[in-house]
Amino acid sequence: MTLPAQADQALEAFAQSKGWEQRARLLMQWGDRLEPLTEAEKTEANRVHGCESLVWLVADAVDGHWRFKASSDARLLRGLLALLLVRVQGLSGEALLALDVQDWFGQLGLERQLSPSRSNGLHAVVQRMAVLASGR
Amino acid sequence: MFQPSPWRADFPAIDALQRQHQTYLDSAATAQKPQALLDALGHYYGSGAANVHRAQHLPGARATQAFEASRDKVARWLNVGQTGQIVFTHGATAALNLLAYGLESRFEAGDEIAISALEHHANLLPWQQLAHRRNLRLVILPVDARGFIDLERALQMIGPRTRVLAVSQLSNVLGTWQPLPALLAHARAQGALTVVDGAQGVVHGRQDLQQLGCDFYVFSSHKLYGPDGVGVLYGRDQALGLLRHWQFGGEMVQLAEYQRASFRPAPLGLEAGTPPIAGVIGLGATLDYLASLDAAAVLAHEAGLHARLIEGLTQREGIRLLGLPQCALASFVVEGVHNADIAHLLTEQGIAVRAGHHCAMPLLQGLGLDGAIRVSLGLYNDQADLQRFFEALDQALELLR
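Heads up: the sequence lines are chains A and B, in that order.
Quick note: the first sequence uses the numbering used here, first residue 1, plus one each step.
Quick note: the second sequence uses the numbering used here, first residue 1, plus one each step.
This is chain B alone, in the form it adopts within the complex (with noise of 0.2 Å):
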């Protein structure tokens, strides 16, 4: 039966894609944006742009008014209710070094920040770095075959001397759902701040953080349909005071002398400079246009195509799968063909995956492997996406075999 997605005509560049004949199928990585960005982002540029948060003049007082109102937004989408605020950043990579930094000066030598095996780089060098600064242990959540944090051997290395448990909430390289309620439950109990890289979690199905219960949640405005250059920091309020300031300049200060200065709570002290405004303004309208969306059948759109990709790459022979993807996106190496040349054909053929190691280098090293070709799906994607690709993926396999 063919599955076509309702949402596809409410991303322009999808079709734009397709006269081009690129399937798209990179979501994972960056996502289509909606037309409701595009009309936000021409509102805001085309009707007077304006700096936030300082100028008395109708057009600041506006952008200000957006500005906010995107936070307000963030917030309601997680539904972080009164637990902490919305902190913007430039990315989640920048999210994940400001905790990093700001948490820096709460570490002595000896103390433990414990990761899992299967992070992005951007949650694995920011907390390396600092234990190599501070002389800390970084310690490494093992992950089972099947892509999952081993909860019985992780509970067992989360102990008093964890200070920081940081953890992605669905694999960007596996396509799996990370066992979080125990994992943050346990390192709680241990006395440790919890922090969940949410960049690929927050795309798939509601996230509720009040019931996730962490300290920190980062996730970018990019992949969740949203501009780039934007990303999204939550603080529970107690946590957020632990931060010390770690970018200095405008907009973070209260008073400032030459010799010393002093700065403004989160979160705007820990939003020095000029912001990202329209992309933050922009953020905001994607997420007005998700929230009119039937939030299950978006859900078992993505499940029903999710469901169809397993199936294609299971069925076709010599096709090893990475972990048990549960959504969203599933990572695949062909035995005795290199995926440098399957991405290479895929390529000639219009078809935009990603091929390598997924910014999870330690992660293939572990597998065994040196690069996979990763599949991910955005909510535009239609079952005509998936049967072009595989096509294309038998196309490639026979002229490579």
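So that you can see chain A by itself, here it is in the shape it has in the complex (with noise of 0.2 Å):
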């Protein structure tokens, strides 16, 4: 399947990039594009826990599309989102259940990101993503 171009785009930024310091700086501008949230959207209802930092993800199903946002207050985690956001946006429901975000993760070379073990946030986004999903 074709990918969004920003997703290509990201793929492509960190298949190039050589070490720990190049994809932190990459992640950090990643994260500077992800749409800002407003107050309103910063609800406990958007707050999405088990994470160290705060995290917000604003969920929104258009014909059957689902529009996310998201944010957090730790920049690398807001790089991880935005990476996170480029490939799920606009996707069904049963597309964005089908869909391997590890792999997805792993292609970018960032796949320790998504470990449980990780208290950063980005493994119960995702899993907040698929209850959405699934209309649980």
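Simulated from the structure, these hints should not be mistaken for lab results.
In this text the structure is predicted, and so the values were computed from the model without any measurement.
Be aware that a few hints might be false.
[Said to hold, decoys possible] Per the computed footprint, the stretches of chain A lying under chain B, defined by three or more beta-carbons under 8 Å from a beta-carbon of chain B, are: (1) 11-24; (2) 52-61; (3) 73-82.
By construction, the Cβ of each residue, glycine as well, lies at the ideal position given by its N, Cα and C atoms.
The two chains are supplied separately, each in an independent frame; assemble them into the complex guided by the hints.
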């Protein structure tokens, strides 16, 4: 299947990155591109718990296609969220559930960021998306 | 001057971690294990496992003997003397839950339980939930800015309604030794039972329970370089007699009928089911190993490293230490930088430290923080570990600022 253009960009950028410092810089750049949340969107209902930092996920399904906004007070996590959003934006619930998120972060060379033992919040956000997509 | 650890080679995992480019500075969460422990586990499983306290066969007798020998070793390690007994549990958390359930019937509505504001969740939640069940008042003794229980205020808050005082010996977040002698003496004078959470304190220097004079003392094996799945509860004899049996099953029973049963006294009466036999034997081996070390040299080594840790942190701009750490660990935050970001980049560089609330959410909230980085030391750490940590920290901060 074809990837969204921004996801392609991400793959290209991260595939070329060498070393943890460059990856960290890229993550911060991608995090800066996240569409900011309004204060009204930072509600308790949108909070994703199970993270060491504050994380919000705003989700909306239009005609069966999911639109997400996300943010965090931690910079590197904002970058990870941005990389997640470019991959899942606009997917149907079905496609979202079928998506191998681990594989996506693996392709970016960031697979360790998704492990359940990491308390950075990415895992919790992915789980919240799955719950939303399955309509549970 | 370079400060090596003469005991580093006794811990094979430290070498293995180093080959994976990991610098382990999270011993306050769990410690690496000495070869003596690995040998003991291998020996026990390799030469014939058996259940304890029931079988008459040779392997059973051997296992029971080794298991009970560990109980004696723990009692000696804590200098218990003839004052009380050692009960094995599945962890410090299990030991504290045992106390909260075992003492439950002794409380009346309106009675008070005093804990401090810096307790680990393990020494907060069992009492908090007990307070909810029995309509008790949970009194929180305040902690001052340096990280010590505010003695003046605490002594006023511990009164005739206080039935239990349960406090940490050494804070797992602040690294501060708490003023236990004054607190325990006052609580005792008020007729309260005293519980000391020694999970961190037991790791740093020999503790003498006859001198400390608490009714109960709790620690977990895995932080003291022993196996996980084993906790220790010391109880003074009279205090142990106040505990109701709380878990029921094999081993703890004397006579069982279909409709009634009678139970053994402590310690076996509080050890329902098959205990963690290998772990208990392993803890005994770990204590043998620790007892063979020059205790003064270990303390001096740890103090030297800790001083370097504090010095390095205070030298750096924008770093705020939590409290005034005296021993073993230091927690800090960096102005304008999220602790999760620092943790992320330290992890990238193979530095194993803890980030977050350290199982003490109310304490962190009280400090106005939602998290902090904690560096904690074991006797196997050396100055090169700290150097790697500080280099990684500097790199991380340079990127993030």
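Structure-based check of all given hints:
Only residues whose C-beta sits within less than 8 Å of a C-beta in chain B count toward coverage, and the region 11-24 of chain A has 4 of them, enough to reach three; the restraint holds. Only residues whose beta carbon comes within less than 8 Å of a beta carbon in chain B count, and the region 52-61 of chain A has 3; three or more means the coverage holds. Residues of the region 73-82 of chain A with a Cβ under 8 Å from some Cβ of chain B number 5, which satisfies the need for three, so the listed coverage holds.
In the structure shown, no violation is registered for any of the earlier numbered hints.
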